[in-house]
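Q: The residues making up each chain are set out below.
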Amino acid sequence: MPNDPLENLFQQTRQELQSLGSVLPEVQQRIQTLPIKPRSQLLPRSIAAVLVLATFLALLITRIHTLAPTIIPNPDLHLEVNGTELTEHIAAILDHRVVVVIWTYRGHGISAVPDTSAECRAGKYQLRTLHQHKLPDGRTFVCSLFLPDPAVSPALEPPSLYTTSTNNTLIACTTSPRLATPAQLTAAIQSASGDGSLPITVQDIVNQLSKQIH
Amino acid sequence: MVESDEQLVKRARSGDRQAFSRLVERYEPPALVIARSILHSWHDAKDAVQDAFVTAYQQLHRLWSPQKFGSWFLRIVRRHSLWHRRRRVSQSRKLTPMTTDPVQPLTQTTTLNLHSLLARLPEQECLVASLRHLNELSVSEIAQITGRPLGTVTKQLSRAYARLRPLLQDER
Chain A
272 MPNDPLENLF QQTRQELQSL GSVLPEVQQR IQTLPIKPRS QLLPRSIAAV LVLATFLALL
332 ITRIHTLAPT IIPNPDLHLE VNGTELTEHI AAILDHRVVV VIWTYRGHGI SAVPDTSAEC
392 RAGKYQLRTL HQHKLPDGRT FVCSLFLPDP AVSPALEPPS LYTTSTNNTL IACTTSPRLA
452 TPAQLTAAIQ SASGDGSLPI TVQDIVNQLS KQIH
Chain B
720 MVESDEQLVK RARSGDRQAF SRLVERYEPP ALVIARSILH SWHDAKDAVQ DAFVTAYQQL
780 HRLWSPQKFG SWFLRIVRRH SLWHRRRRVS QSRKLTPMTT DPVQPLTQTT TLNLHSLLAR
840 LPEQECLVAS LRHLNELSVS EIAQITGRPL GTVTKQLSRA YARLRPLLQD ER
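Which chain is which? The protein sequence lines are A and B, in order. Heads up, the first sequence is in the working numbering, so the first residue is 272 and it goes up one at a time. Heads up, the second sequence is in the working numbering, so the first residue is 720 and it goes up one at a time.
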């Protein structure tokens, strides 16, 4: 639009700018000796630091949550030593002399003695781990079987649970064996599992006990 | 094919002075017009723009989004122009203490209106209108340079015209 006043004004300014000459030669001359500074790394580094910190805090909070003590309804025994948590849910006397202990433990580098399918001596008892598995809340569920030596009464000379840590520290905990019905044993297993599931049934225990004795 | 501001800034950062010269050629007209609107003198405007380009070159590492070089640079131009004006005022006071209005322009031209009108536009609209009418770039070239969608550039141009026309009427 040649008669547009705005366009006329722009055209006039363009002509004026052309007659002025460019600042480019002067600018080129002045920047010739100036060094280019490297792009600042401060902001990306700050963002990275914040992200690392946030991740660390999230992990810490999650870990605290994971390590939070689980409320166990009426456990027979609950022990916490140096970050290790050990809970005996039931120590049931079966067949008048064999002791089955349902227990859980938690702690860094801690493991039950002995491992699953292994057998060892524990005082006046032959000790066998019938079942062991990690629970979602970080605890480990264990079902241990204690076979007493002849003439040993579990009520008078109760067996002990053992856990060992990576630095070979042994933690022992004496159980309190008592007579229990299958329903009480099932309830204790459910309580130990935390979510009401049955990692091992009473029937499984009895079957393994039969194999062990015969 | 027009090189975008982003590409030129990246090349300039890696030490390519030729790329920076391309940016100088591109942004000299809008920068001069803005500086002229503040300083009312082409001579002073050229000085301020020259200083602004040198500052931009030195501060190029601080520009976080290279595609926003245009608006970032025009802000530097405004700052330098204001600084030049302050310096000129203080010098005038020293030289002629009895002068009543030292900011009075030494020379007036008929195109004074356009500078003041463009300077009154929002930053983005001023940039787009200057690139379109002073650099005589097409809308698609402006879109490529600034890294904005074609529709956005068209809208900003329309808004700039809509603002400029009533302002022009008022000036007359």
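Treat each hint with caution, since some may be false.
Selected chain B positions facing chain A (Cβ under 7 Å, derived; list incomplete) [to be verified]: (1) 748; (2) 761; (3) 773; (4) 776; (5) 852; (6) 856; (7) 858.
For each label pair, taking beta carbons as the anchor points, the in silico distance ranges come out as [said to hold, decoys possible]: (8) B:735 x A:322: 28 to 34 Å; (9) B:870 x A:409: 52 to 58 Å; (10) B:734 x A:295: 33 to 39 Å; (11) A:325 x B:762: 36 to 42 Å; (12) A:440 x B:784: 54 to 60 Å; (13) B:806 x A:305: 46 to 52 Å; (14) B:873 x A:328: 43 to 49 Å; (15) B:870 x A:305: 36 to 42 Å.
Calculated directly from the structure, the hints in this document are not laboratory data. Just so you know, even glycine gets a beta-carbon here, dropped at the ideal spot from N, CA and C.
Q: Hint by hint, where does the structure go against what was stated? Just the numbers, ascending.
A: Numbers 6, 7, 10, 11 and 13, in rising order.
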